[in-house]
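Below are the chains, spelled out letter by letter.
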Amino acid sequence: MSADAISATELSVDYDGVTAIQDVDFTVRAEKLTAIVGPNGAGKSTLIKALLGLIPNRNGTISCFGTSPKQYRKNISYVPQRAQIDWEFPANVFDVVAMGLYGELGLLRRFSSAHKDRVQSALTDVDMADFAARQISQLSGGQQQRVFLARSIVQDAELILLDEPFGGIDSKSEAVIVDILRRQKQHGKSIVAVHHDLSTVKDYFDDVILLNKTVTAFGPINDVFTKSNIEKTYGVSNLDFLTGRS
Amino acid sequence: MFDDFFLISFVPILTGLFSALSCTLVGNILVLRKQAMLSDTISHVVLPGIVISFLIFGNLGSHFMLVGAAIAGLTAVGTIAVLRTYTSMDNSAAMATTLSVFFAAGVLMIELTAGGNVHLDVEHALYGNLESLIWIDGESLMSVFDSVSRQTIPVELTRAIIGFVLIASVMFVYWRFLIVSTFDHTFAEISGVPVGVVSAGVALAATNAAVISFDAVGSIIVIAMFVCPPAAARVLTHSLRDQVWLSLLFSSLSAVLGYAVAGYVPILLGFETSISAAGTIATLSGVILAGAIFYGKRQRSYDFLDGHQT
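Chains A and B, in that order, give the protein sequences. Going by the numbering used here, the first sequence opens with residue 124, and the numbers climb by one from there. Going by the numbering used here, the second sequence opens with residue 2, and the numbers climb by one from there.
One chain only, chain A, in its complex shape (with noise of 0.2 Å):
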């Protein structure tokens, strides 16, 4: 598959009033990791807002397969931030993951056996099924961020996209979310994330888009990744360390 899997044009959009994301264009090929890179504050927790649906452009479409976020939104699964969640909710792992199917389940739809072999099968996709049972709040960093994608593994949606799901975890942790995001871009899933750490972005994604409040480039790493767009980027030179080792 060939085509794009969100493509924005002239896209500008207000957070809180001030302008988070000026005019931007680009696209995100279908099929890939695609690595959101840019300073604090340079509205990439907006932009995935945007591509959600959840707030307004104030100009410019974006289109997901074709269509608006809006009405692609079941195809769409979201992981937040890890700090976003009070992990002391009363819920366990397969809670947690069960709520990947109420939006396919509604109100009232019994959640059946076959649903619960859909969640134990997401938890053995993440190495956590041991976890079903285990309460949240005594979960490691990089466990509940597993949790999360287990979540969205049950959703089976096309496009995943991730808010910083590298935050607070450690390398460890990360190889194995990473791994994880692999295997389910080879099942044919669209993944985008927030990243912030520049030194493991040519590591971890095929593509990335550089963004501070406009986009400096979006590509394929190999081709967009370069040492002078980075700096165009965070407005700073020196940043040999990142590109300069690979």
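Keep in mind that the hints were calculated from the coordinates and are not lab data. Since no wrong hints were added, every one of them can be taken at face value.
Computed list of lysine to any residue pairs in SDA-like fashion (alpha-carbon distance at most 20 Å, straight line):
1. A:Lys172 - B:Pro195
2. A:Lys350 - A:His319
3. A:Lys197 - B:Val196
4. A:Lys336 - A:Thr150
5. A:Lys193 - B:Pro195
6. A:Lys172 - B:His186
7. B:Lys35 - A:Gln207
8. A:Lys308 - A:Ala126
9. A:Lys193 - A:Gly226
10. A:Lys193 - B:Gly193
11. A:Lys172 - B:Thr187
12. B:Lys298 - A:Gln261
13. A:Lys197 - B:His186
14. A:Lys239 - B:Arg242
15. A:Lys325 - A:Asp302
16. A:Lys172 - B:Val196
17. A:Lys308 - A:Asp329
18. A:Lys172 - B:Gly193
19. A:Lys325 - A:Tyr357
20. A:Lys193 - B:Glu190
21. A:Lys197 - A:Ser130
22. B:Lys35 - B:Asn92
23. A:Lys325 - A:Asn352
24. A:Lys350 - A:Asn163
25. A:Lys197 - B:Pro195
26. A:Lys193 - B:His186
27. A:Lys193 - B:Val198
Footprint (simulated), chain B over chain A, 3 or more residues, beta carbon under 8 Å:
28. 200-208
29. 211-218
Reference excerpt, derived from the structure (chain B facing chain A, CB under 7 Å, subset only):
30. Phe184
31. Thr187
32. Phe188
33. Ile191
34. Ser192
35. Gly193
36. Leu241
Quick caveat: nothing in here was measured; it's all calculated off a predicted structure. Where a beta carbon is used, it is the ideal one built from N, C-alpha and C, also for glycine.
Given chain A, work out where chain B should sit, using these hints.
Here is chain B on its own, set in the frame of chain A:
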């Protein structure tokens, strides 16, 4: 002493019980949403709503009064939203401001109308009036099955039962949406959950519980029934299902035991009069919360010694 149980105690106990259960059911959700204060705000804000309806329709039993209270409750939720949007107040400050201003207006209205034939006094609005719910034709258990005797059952009990059934069934039907939107708001919205409707529904349910409890336990004490039983249950379990059941158990205990203690213990101890049932119910729910915290802490420290706690 128990001869006139059905005349004097039967209706107050059940009214207190169903009021408490309604508040506790909604309270479980409010505590999880960190909106417990909302129950306090709504329960105070319904006062001006009730007074205005009373002034218009001149009758406390009027169902218009409930509508007035519900409108006041929803107006308060709107006011909180406006304060948060247009001022720098955080959620709690906006709720506290709304609470005191609306309640003050209600008290003023009562005072201004006191010269008239108004039998709505501030004390009852604040502390409730469970003891006044006398069932004139209540003679024995058989009266419950007698359609003529049933007609004199105070409307407060009927209202409390209908309110409870309404809240319980709506919560049962919307359970999945309630939980997912409480745990992860953005995810819920994308999954197609009508999060705005759910939030308004929670506020409406809290208003409903506050209004039906208003007669029974009054506006100040009602918050104890919203918060204490769910908070006590929350300390003791990590399972949401257990939390809800346990909170309902604590709530029932407070309501029934509270009434019994208030009505009978002082007399057994040789005092002339009984004490306020509403006050005793609320105090008891606080005692249960304290016990749960103490017990929960002890459990946790044992776990820690055993190395189970992570």
